[in-house]
Amino acid sequence: MSRYDSRTTIFSPEGRLYQIEYAMEAINQVGMGFGITTPEGVLLVSEKRLQSKLLDLEGSEKLYKIDGHVYCIVAGITADANTLVNEARLHAQQFRFKYSTPVPMENLVQHIADIKQSYTQFGGLRPYGVSMIFAGYEESLGWRLYQSDPSGNYGGWKAVAIGQNASTTNSIFRTDWTEDLDWEKATTLALKVVQKSLDTASLSPAKIELAMLKLVDGEPKLELVGDEALGEACEAYKVAAKENPDKE
Amino acid sequence: MSRYDSRTTIFSPEGRLYQIEYAMEAINQVGMGFGITTPEGVLLVSEKRLQSKLLDLEGSEKLYKIDGHVYCIVAGITADANTLVNEARLHAQQFRFKYSTPVPMENLVQHIADIKQSYTQFGGLRPYGVSMIFAGYEESLGWRLYQSDPSGNYGGWKAVAIGQNASTTNSIFRTDWTEDLDWEKATTLALKVVQKSLDTASLSPAKIELAMLKLVDGEPKLELVGDEALGEACEAYKVAAKENPDKE
Amino acid sequence: MSRYDSRTTIFSPEGRLYQIEYAMEAINQVGMGFGITTPEGVLLVSEKRLQSKLLDLEGSEKLYKIDGHVYCIVAGITADANTLVNEARLHAQQFRFKYSTPVPMENLVQHIADIKQSYTQFGGLRPYGVSMIFAGYEESLGWRLYQSDPSGNYGGWKAVAIGQNASTTNSIFRTDWTEDLDWEKATTLALKVVQKSLDTASLSPAKIELAMLKLVDGEPKLELVGDEALGEACEAYKVAAKENPDKE
Amino acid sequence: MSRYDSRTTIFSPEGRLYQIEYAMEAINQVGMGFGITTPEGVLLVSEKRLQSKLLDLEGSEKLYKIDGHVYCIVAGITADANTLVNEARLHAQQFRFKYSTPVPMENLVQHIADIKQSYTQFGGLRPYGVSMIFAGYEESLGWRLYQSDPSGNYGGWKAVAIGQNASTTNSIFRTDWTEDLDWEKATTLALKVVQKSLDTASLSPAKIELAMLKLVDGEPKLELVGDEALGEACEAYKVAAKENPDKE
Amino acid sequence: MSRYDSRTTIFSPEGRLYQIEYAMEAINQVGMGFGITTPEGVLLVSEKRLQSKLLDLEGSEKLYKIDGHVYCIVAGITADANTLVNEARLHAQQFRFKYSTPVPMENLVQHIADIKQSYTQFGGLRPYGVSMIFAGYEESLGWRLYQSDPSGNYGGWKAVAIGQNASTTNSIFRTDWTEDLDWEKATTLALKVVQKSLDTASLSPAKIELAMLKLVDGEPKLELVGDEALGEACEAYKVAAKENPDKE
Amino acid sequence: MSRYDSRTTIFSPEGRLYQIEYAMEAINQVGMGFGITTPEGVLLVSEKRLQSKLLDLEGSEKLYKIDGHVYCIVAGITADANTLVNEARLHAQQFRFKYSTPVPMENLVQHIADIKQSYTQFGGLRPYGVSMIFAGYEESLGWRLYQSDPSGNYGGWKAVAIGQNASTTNSIFRTDWTEDLDWEKATTLALKVVQKSLDTASLSPAKIELAMLKLVDGEPKLELVGDEALGEACEAYKVAAKENPDKE
Amino acid sequence: MSRYDSRTTIFSPEGRLYQIEYAMEAINQVGMGFGITTPEGVLLVSEKRLQSKLLDLEGSEKLYKIDGHVYCIVAGITADANTLVNEARLHAQQFRFKYSTPVPMENLVQHIADIKQSYTQFGGLRPYGVSMIFAGYEESLGWRLYQSDPSGNYGGWKAVAIGQNASTTNSIFRTDWTEDLDWEKATTLALKVVQKSLDTASLSPAKIELAMLKLVDGEPKLELVGDEALGEACEAYKVAAKENPDKE
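Protein chains in written order, with the numbering used here: chain E, 1 to 248; chain L, 249 to 496; chain D, 497 to 744; chain V, 745 to 992; chain F, 993 to 1240; chain X, 1241 to 1488; chain H, 1489 to 1736.
Treat the hints as calculated values from the structure; they're not laboratory data. On a predicted model such as this, the values are computed, not experimentally measured, just so you know. Check each hint, because a few of them may be wrong.
Said to hold, decoys possible - Think about it this way: if two alpha-carbon atoms lie no more than 30 Å apart in a straight line, the pair counts; the simulated DSS-like pairs of lysine-lysine are:
(1) E:K53 to L:K440
(2) L:K462 to L:K346
(3) D:K549 to D:K703
(4) X:K1436 to V:K797
(5) E:K53 to L:K444
(6) L:K462 to E:K53
(7) V:K929 to L:K301
(8) V:K809 to V:K842
(9) H:K1680 to X:K1293
(10) X:K1478 to V:K797
(11) L:K469 to E:K53
(12) F:K1234 to F:K1188
(13) L:K296 to L:K444
(14) X:K1305 to V:K797
(15) E:K196 to E:K65
(16) D:K544 to D:K692
(17) H:K1586 to X:K1305
(18) L:K301 to L:K469
(19) D:K734 to F:K1045
(20) H:K1541 to F:K1213
(21) X:K1293 to H:K1726
(22) V:K958 to L:K301
(23) L:K301 to V:K792
(24) L:K301 to V:K809
(25) E:K65 to L:K346
(26) H:K1684 to X:K1293
(27) L:K433 to E:K53
(28) E:K185 to E:K214
(29) L:K486 to E:K53
(30) L:K301 to V:K965
(31) F:K1177 to H:K1541
(32) E:K214 to D:K549
(33) L:K469 to L:K455
(34) E:K53 to L:K296
(35) H:K1541 to H:K1709
(36) D:K544 to D:K703
What the hints assert, rightly or not - In silico contact screen, one side only, chain X against chain H (beta carbon under 8 Å); selected entries:
(37) Y1262
(38) A1263
(39) A1266
(40) S1292
A virtual CB, placed ideally from N, CA and C, is assigned to each residue, including glycine.
If we strip away everything but chain E, and leave its shape as in the complex, we get (with noise of 0.2 Å):
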């Protein structure tokens, strides 16, 4: 673990690529974000950990709209993010204005991935320090969730989780995600992983993000929960799990 983990360009005797493995452990310690497909759509849900009354957001922390049909969840190094939200953005625009028509989600989930596989080969760079979600909608196949680290792997998931504890929480998903899932479930689940993960008593709107994207009159678009609706749901879950202890 000594010679072989200060420099990207070199593989160590197992195989391995430390700073990589350096720069998702910088993400391990971030706030956890996660999405789970439904037939209706996708619901995001991402950890507040910034609660300060000052802090002056334009929309969500850690919800960006990349193009009209595409959103991004995002977990690690803000300013490395902001970087990638922006080429993921200009991506989708130019797309648009090339072919007339709203870019396929792989295509722009490969995009990013490309870039942030070259900053691991070359030398003189360091790998970019964030996992994201891509959620989005497609006419010809639905809704489709993506997930992407910071090696440039990527993959098409059904639910899936970045950041703190995404290990526990995928194999939540893995136990409880089915195909099935309507909007009142998949919050419940949702609620159930949060809970899960941030390990205190009380469950509160506070220190979550939770955000529908769904069909308005056959177009997609991205709806926020409410403080208000999402205190209730926290509520209607805690009574929940009061009666159904085994349920968890």
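Given the structure of chain E, go ahead and fit chains L, D, V, F, X and H onto it with the hints provided.
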């Protein structure tokens, strides 16, 4: 904390970028600056460290005009700050020239933040050792206050501080800032913060600089508070503080 | 094994290039893939490592279409593989566009191999951590199967494996492969290889992916073997293996 | 003070840039220079270290004309200074050519300061080992005096020193400089400073160079004080000093 | 042998370039190849290391056609060899296109040698780990045989070997080669060399590849010796060797 | 003297640039050269180290003609000197071509000095290991003598030496040089300096080269002093030295 | 001799450039070459190290024709020499093409020397490991002989040697060379030098190569001395040496 801290382009095994942390250390040792938004405008305050009568300043020490509607306060390595301020001015002018409209605050702030981010990812460079507060006015959004640090991260705030004791100051803001501050209350809050931070018995106009960014005839305008008015405010604050020691 | 292994561009005193050997080590730890030529076509098999039901793949996990007449299987760092697959697709399209004829297999394989070689000779780069099997059809030469490794070396084979246990698999091929395999016998050979390599009691369709590249109406076409058919083949193999234990 | 000091592009854990501090050290060992503003003009003084009669100087040793209205004194590595002086002259000429007006002092000073800053941020370079004092006249602002150091920092001053004993000299200025100095009083102040700094019994014209930048027929003009006049001033100072020992 | 061997661009105190020596070491471990000139043509021989029946070679393993009148044998890192063979082919074609005449052997060989030399003199590169034998025909000069090594050195020879045991083979050539070899005698010399070098009891067609470059209808043409003919030659050699053991 | 001396681009903690000091060391070990101005012209002297009769020099060993009115003497690494002399010649010709007037001495000297300075500030380069004396004539200024060292520093002098024992020689000049030297007295001074510096009993024409740059028909012209005349001067000097031992 | 020798671009504390010294070491181990000027032409001699009958040389081993009037002998790394010889040929041809006159010897030699010098001053390169002797004829200057070494230094000589024992050879030249050598005496001198340098009892044509550059019909032409004539000369020398042993 050994081998991983001498190059920008590597992560430590815990996923940290030490050079950025060291750059932030450089900022923690310089004079404080902060901004407070009110419904009527933004109060900008900076500590005067060089108080020599020999200094021949045109205007303010750490307060820079970027464009008619944007001002900024800097903390850190002055030479680095000059470079970024110039870049910001240029960007604001070019935007105005291209689109015949003032540059939106976030567009400007992100432009500077992107430059900072790139200096943390490529080899052979060091991060910019400077934090900045941008205050400005936009017709659609009203008064805006942004903070950006050496990593290239940035955010919108209602009240925020940079430089020495920034974290102490920010926690005072968290408890004392309210939506409905008028100029007087904002000034009192500012003086309280300065008093706490400087940790000296006597508050005097020689040690701080106070400016009000407000609308004059519908146009944003910066108004420096003169030494006399500032002296009166200091005295008033001291009297009030004595009367209400608990207020602190 | 000391100083000579941390830079691509140096030979060790014994004339070895350690970084290439370490890159190959990276490949020895990932899921196996192999190809078997028969007079009727090429059988392509890859191990499924990520078996999560949450994965939302369009098509296959490690099997990529390069052009109508060329497919490839990869083993190694997925992000590196994506980059090379894209390059291969681009090269195939450009060839078709320039010469109005499908790219010859060797031309394509050598193009990718040359890119890999260049990453082993110049400073500030690391080798590509990926091995690839290219399978395709050429009118004049019939079915072709190529293997390329991180050094940029490549060769044509009748049957060849990459990834974990590749050398074991290749020695099974050396004894068991014959010129006159039909689809059934080739499938039996493939299952035998998988059984040996995975070293688990039960062979199941969940762990492997099997595809046949064959001529349909005179055109090369890839046909994925469905889970059902694959399951039947597994069962048949197990029965046969029990009956002829010596066959193993 | 260990590993962090051998590369420009890294911060030490305390946020310091050692290479810049070492460059400043280079300046602390060379002959002193200073400037004093008066209502009538600027008095520029530099220590003569090379007092060889063999030197064949056209004009002054450390005093450079930049343009008709700007002069500068340098302290540090002479070769570095020559490069920057040339750059300053070029910039002044280009400004005059482009805008048909003399370059404003701050524009010129910042241009040189920006060059210096860039040499502290990029790898493979060392900072410029030179501090400079720029003195000049602007129609709108009158007499201007600027100081710039190796970090790229600069500032406007009423009186300022560079080189050996600069901090001692600057503190004498802080106590003794007044708004209403005439040429005589300014000369007395200059001789006092020189006497203290040189720390030798006899003040003589051979050790210093004294020049007055003043308006002649409405145009700024530099007038070197001849050896004879300087000798008389030295004598007068010594007499006065003896009479008023407390004045020191 | 310490610090001087890890960079191409430095000499050791004894004036040696270790990286080139290490590259040559890489070549000493791979299969042997050699060429023998006769008045009738050139006999080219290469050892077959990969004898797998699964290999699907078009033509020969280590014997490359450069142009109609030039062939080459390589020894060393195969990926490096491919790159240089391509470059040689390109150069030959460009020469033919520009001057409407076949490229002269020495022009071609020096072009490749110059490329190799440049990789030994510039930083950030490693030498090409490959030796080559070029055999060809020129109207004015007749049969030509060249050898080039990783340093970029090259020379014309009557008979020369590369790869494992090259120095032993070359000393056999020095004693046994004569001006007036016919194909039969040249084949006998070749088999003797192979026998000595391989150091195994039985000489068989499976281990070597033998080709004759000769004039057919006035044009140079390469003729591979088939396994049958080669087997007969081996048998004949063994019989003769038994009869004349002293001949060895 | 440890870590700070192996790279051009770093300052030591005391603000020194060791590489420049080491380059100057290289110059202190080579043959001495010097110039002495007189009202009638400049006397240029250089030590002859290579006294082999096999040397086939066109003209002088260390004395170069730059242009009709400028000559130079070099001390240090000869290959470096050749490069700079060529650059000086080119610059002089280009100036003459562009402005139809001889290049002013200071313009030429600063051009060369700037090149030298740049080699001390950028990474990956070493300083020029050469000091130079430029002697020339300008219509407006008369005879000019400049010295430039490896740091890029330069200055005008009445008499100056470079190379071995340069500091001793310069102090002899400080005591013995006068404004009103004629050729004879200048020669005597030169011989005295050579005698002291060479520290050998017998002064002989074989060890030095002496040239006079003077006006012939109003044009500057270099006149080498022949061996015979030089021998006579040596003898005369020795006689005089014996008669006036105190003169030394 | 420690840290300073592994990079071209640094001086050691004594002002030495070790890499150049090491490159010269590389030359001291290769076969000797020398040139002797006579009123009738230049005698060029080189030691034959590779005496294999298998070598297929067109012309001479270390003697290269640069242009009709210039030839050169090299000693050192052959691949480096080839590159420089090509460059010299190109330069000579370009000069002839541009100015319709043969390139002057010094122009050619300096061009090659400048290339060599640049490889000693920039990072990431190593010096050329080759010394060269250029011999040629110029109408105005007659026979010219130049020597150039790895530092980029060069000089004109009457007789000069490179490679092994060069310094011994050069001192023999210093005592034995005279202005009025004819071909016979020059040959005797050459054989004496070879005898001393090779330090073997028997002088034979197999070990050396001897060529005369002389005027034939007013044009410079190189004439290789055949083995027979060379053998006779050797015998004659041995007889004479026995008769006059003191001559040695």
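Hint check:
1. Restraint check for E:K53 and L:K440: the C-alpha separation of about 20 Å stays at or below 30 Å, so the hint holds.
2. Taken as a hint, the L:K462 and L:K346 pair is honoured in the structure, with Cα atoms around 26 Å apart against an allowance of 30 Å.
3. The straight-line distance between the Cα atoms of D:K549 and D:K703 is roughly 13 Å, inside the 30 Å bound, and the hint therefore holds.
4. For the hint pairing X:K1436 with V:K797, the CA-to-CA distance comes to about 22 Å; that is within 30 Å, so the pair holds.
5. Annotation: proposed proximity of E:K53 to L:K444 holds, straight-line Cα distance about 22 Å (limit 30 Å).
6. For the given pair, L:K462 sits about 23 Å from E:K53 by alpha-carbon distance, which is consistent with the 30 Å threshold.
7. A threshold of 30 Å between alpha carbons decides the hint, and for V:K929 with L:K301 the separation of about 19 Å falls inside it, so the pair holds.
8. About 20 Å separates the Cα atoms of V:K809 and V:K842, which keeps this hinted pair within 30 Å; it holds.
9. Annotation: proposed proximity of H:K1680 to X:K1293 holds, straight-line Cα distance about 20 Å (limit 30 Å).
10. With a CA separation close to 28 Å, the supplied pair X:K1478 and V:K797 stays within the 30 Å bound.
11. Our distance criterion of 30 Å between C-alpha atoms is met by L:K469 and E:K53, whose separation comes to about 27 Å.
12. Restraint check for F:K1234 and F:K1188: the C-alpha separation of about 14 Å stays at or below 30 Å, so the hint holds.
13. About 15 Å separates the Cα atoms of L:K296 and L:K444, which keeps this hinted pair within 30 Å; it holds.
14. The suggested pairing of X:K1305 with V:K797 holds, with an alpha-carbon distance near 28 Å, which does not exceed 30 Å.
15. Of the supplied pair hints, the one linking E:K196 and E:K65 holds, its CA atoms being roughly 28 Å apart against a limit of 30 Å.
16. Distance hint between D:K544 and D:K692 is fulfilled; the C-alpha atoms sit about 15 Å from each other, no more than 30 Å.
17. About 25 Å separates the Cα atoms of H:K1586 and X:K1305, which keeps this hinted pair within 30 Å; it holds.
18. Of the pairs offered as hints, the one joining L:K301 and L:K469 holds, with about 27 Å between alpha carbons and a cut-off of 30 Å not exceeded.
19. Among the hinted pairs, D:K734 with F:K1045 is consistent with the structure: their alpha-carbon atoms are about 29 Å apart, no more than 30 Å.
20. A C-alpha spacing of about 27 Å is found between H:K1541 and F:K1213, which places the hinted pair at or below 30 Å, so the restraint holds.
21. For the hint pairing X:K1293 with H:K1726, the CA-to-CA distance comes to about 29 Å; that is within 30 Å, so the pair holds.
22. Our distance criterion of 30 Å between C-alpha atoms is met by V:K958 and L:K301, whose separation comes to about 23 Å.
23. Between L:K301 and V:K792 the alpha-carbon distance is near 29 Å, which keeps this suggested pair within the 30 Å criterion.
24. Simply put, L:K301 and V:K809 have alpha-carbon atoms about 28 Å apart, close enough for the 30 Å limit, and the pair holds.
25. Taking the CA atoms of E:K65 and L:K346, the gap is about 25 Å. The hint holds against a cut of 30 Å.
26. With a C-alpha separation of about 22 Å, the suggested pair H:K1684 and X:K1293 falls inside the 30 Å cut-off, and the hint holds.
27. With a C-alpha separation of about 18 Å, the suggested pairing of L:K433 with E:K53 holds against the 30 Å cut-off.
28. Simply put, E:K185 and E:K214 have alpha-carbon atoms about 15 Å apart, close enough for the 30 Å limit, and the pair holds.
29. Pair hint L:K486 plus E:K53 holds up; C-alpha atoms about 29 Å apart against a cutoff of 30 Å.
30. The straight-line distance between the Cα atoms of L:K301 and V:K965 is roughly 27 Å, inside the 30 Å bound, and the hint therefore holds.
31. The hinted pair formed by F:K1177 and H:K1541 meets the criterion: a straight-line CA distance of about 19 Å does not exceed 30 Å.
32. Between E:K214 and D:K549 the alpha-carbon distance is near 23 Å, which keeps this suggested pair within the 30 Å criterion.
33. A C-alpha spacing of about 23 Å is found between L:K469 and L:K455, which places the hinted pair at or below 30 Å, so the restraint holds.
34. Taken as a hint, the E:K53 and L:K296 pair is honoured in the structure, with Cα atoms around 29 Å apart against an allowance of 30 Å.
35. Distance hint between H:K1541 and H:K1709 is fulfilled; the C-alpha atoms sit about 27 Å from each other, no more than 30 Å.
36. Taking the CA atoms of D:K544 and D:K703, the gap is about 5 Å. The hint holds against a cut of 30 Å.
37. The beta carbon of X:Y1262 comes within 4 Å of a beta carbon in chain H, closer than 8 Å, and the hint placing it at the interface holds.
38. Because the beta carbon of X:A1263 sits about 5 Å from the nearest beta carbon in chain H, less than 8 Å, this interface hint is met.
39. Annotation: interface hint on X:A1266 holds; nearest CB of chain H at approximately 3 Å, less than 8 Å.
40. Residue-level restraint check for X:S1292 holds (minimum Cβ-Cβ distance to chain H is 6 Å; threshold 8 Å).
In this structure, every one of the numbered hints holds.
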